[in-house]
Amino acid sequence: MEKIIEARQIELSGETHLIRRGKAIPEKLIDWIICCSLDALSWNDDLSIPRDLIVLIRERLGGPNPHYEREGRVRENKLNAEFIAAQLMARGITPTLRILGEALGLAPSTVKRWFEPGELEQSAARLSKLFDEDGNPLPLGKLRE
Numbered sequence: 001m002e003k004i005i006e007a008r009q010i011e012l013s014g015e016t017h018l019i020r021r022g023k024a025i026p027e028k029l030i031d032w033i034i035c036c037s038l039d040a041l042s043w044n045d046d047l048s049i050p051r052d053l054i055v056l057i058r059e060r061l062g063g064p065n066p067h068y069e070r071e072g073r074v075r076e077n078k079l080n081a082e083f084i085a086a087q088l089m090a091r092g093i094t095p096t097l098r099i100l101g102e103a104l105g106l107a108p109s110t111v112k113r114w115f116e117p118g119e120l121e122q123s124a125a126r127l128s129k130l131f132d133e134d135g136n137p138l139p140l141g142k143l144r145e
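Here the sequence shown is numbered in full-length UniProt numbering, starting from 1 and rising by one per residue.
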């Protein structure tokens, strides 16, 4: 595992031909080892997968931070930005990317990338009806017009 992670870091730094130079293990070999390990577990009717094998499989399937998890966090943060902006609008404060970035612990430029021009303002205006003048959520039956 350490060599796999080390090879990934070397590759990200711009080096090439790592396998040929003996600095990385071929991915086909790693896949073969995984298949052999799973076959061995199957042949022995041992249905408990060792932690090391789980980590190796996870690493080959996308690493410790898979794409779908990153996308899920982006969607969640975008929705949070919309609700924060709506609360601010309900309080009479114009939401800015800087305020939203600070509230989410992110750079304003990151928040800006999530929205098309005008999208944040439209969404915040629509959602601001869910909050009173103090930014507190209204009961569902008493939404503002």
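Please note: incorrect hints may appear among the correct ones.
PhoX-like, lysine-lysine: derived pairs with alpha carbons at most 25 angstroms apart [as the list claims (entries may be wrong)]: (1) K129 x K142; (2) K142 x K112; (3) K112 x K129; (4) K78 x K28.
Because the hints were derived from the structure by calculation, they are not lab data.
Here is what the structure says about each hint:
1. K129 x K142: holds (10 angstroms)
2. K142 x K112: violated (32 angstroms)
3. K112 x K129: holds (23 angstroms)
4. K78 x K28: violated (38 angstroms)
Checked against the numbered hints given earlier, the structure breaks hints 2 and 4 and satisfies all the rest.
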